[in-house]
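Novice: Sequence:
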Amino acid sequence: MVRVQAQVMGKALASPPMPELPEVEISRRSFAERLDGATVLGLHMGKPLRWPLGIDPEQLLGARLGLAQRRGKYIWLPLGDGGLLLHLGMSGALALDDGTAPLGPHQHMALHTDRGRLTLTDPRRFGAVVWSPSLALDPARKLLAGLGAEPFDPLLTASALRRAWKGRRVSIKQALLAGDVVVGAGNIYACEALFLAGIRPSTAAGRVSELRCARLLEAVRQVLDQALQLGGSTLRDFSDAHGVAGAYQATAQVYGREGQACRRCPGTVKRIVQAQRSTYFCPLCQRP
DNA sequence: AAGTGGACCTGCTAGC
DNA sequence: TGCTAGCAGGTCCACT
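Position one of the first sequence corresponds to residue 1 (the numbering used here), numbered consecutively onward.
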């Protein structure tokens with residue numbers, strides 16, 4: 001199991017980065033094909049997660065799993081007549097093993113199948129495992145209803161972003177993070193994408209021109225794609241189902257780099273707080 | 001309608 | 001050294 005110290009420029013991060021879209025997608029890929037068609041032998045739930053499971057695990061015995069899909073940061077795992085909606089919250093990680101090792105204190109879900117055991121390790125328990133009779137019915141319907149477009153959806157365009165954000169007075173950083181227009185950019189990637197696009201995070205979303213929306217969309221795609229290729233950003237909490245840690249974090253341009261030199265210009269990376277979250281940016285590269 | 005802030009939770013760290 | 005307060009963050013929800 002690969003474990004890399006979480007550090008940036010020699011300085012330990014205050015807290016590990018969280019699962020964002022690339023991490024969720026990598027998790028999904030790491031077990032989806034293996035469990036497609038598997039039979040459930042048992043489902044064990046540990047300490048309460050964000051919501052109750054919503055079904056008696058006994059009712060799932062013998063049910064067949066389908067191919068796991070992703071929508072935003074949610075994973076939909078078809079199961080029997082319905083499915084499980086999974087969310088990794090801020091500290092969750094999925095792992096596939098042979099089911100022989102005893103469960104750790106933070107492993108709050110264990111799905112035993114004839115092809116291995118899928119576990120959710122989630123120390124902070126902001127994650128979720130929820131039964132839903134289908135994607136079109138509650139609770140899945142309600143949870144997925146407010147999600148914006150998938151960032152790699154070819155139908156998503158700069159003019160669509162411009163239209164959606166027109167008149168909105170919240171900052172572009174908060175608008176991006178809200179995920180109601182485009183999903184997938186959490187705090188890290190939102191900061192990184194705005195840096196790449198040269199947009200000041202505090203700029204009102206409604207004041208971002210279509211040209212800059214185009215740059216931002218391009219930047220979001222670039223940042224997420226790079227993270228996917230590098231295996232996700234998290235070095236400590238996150239790992240895929242084989243326990244392989246990600247390497248994106250080392251390439252961060254601004255995130256977690258307050259007071260350090262900008263990698264593009266003579267400026268210094270600044271940190272501000274927006275909606276109770278840290279935002280990192282370069283005041284010289286990123287214009288209002 | 002749009003925006004704001006609280007709640008959830010626990011590991012880590014800075015500061016006393 | 002040992003303790004504690006504060007911070008990190010994704011999402012939903014209640015409230016303005």
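Hints may contain errors.
[To be verified] When the alpha-carbon atoms are kept at most 25 Å apart in a straight line, the in silico SDA-like pairs for lysine to any residue are as follows: (1) Lys142 with Thr100; (2) Lys47 with Pro78; (3) Lys142 with Arg117.
[Claimed, not checked] Have a look at the derived ranges for each label pair, beta carbon to beta carbon: (4) Glu258 with Pro105: 31 to 37 Å; (5) Gly62 with Gly198: 54 to 60 Å; (6) Asp97 with Pro288: 21 to 27 Å; (7) Ser202 with Asp138: 19 to 25 Å; (8) Arg163 with Gly62: 44 to 50 Å; (9) Leu137 with Glu210: 21 to 27 Å; (10) Lys166 with Arg287: 17 to 23 Å; (11) Gly62 with Val170: 36 to 42 Å; (12) Pro105 with Leu155: 42 to 48 Å; (13) Phe126 with Gly198: 43 to 49 Å; (14) Arg29 with Leu155: 36 to 42 Å; (15) Glu33 with Glu258: 49 to 55 Å.
Hints in this document: simulated from the structure, not taken from any laboratory. Glycine is no exception: its CB is placed at the ideal position from the N, C-alpha and C atoms.
Novice: Could you work out which earlier hints the structure fails to respect and list their numbers in ascending sequence?
Specialist: 1, 3, 6, 7, 9, 11, 13, 14, 15
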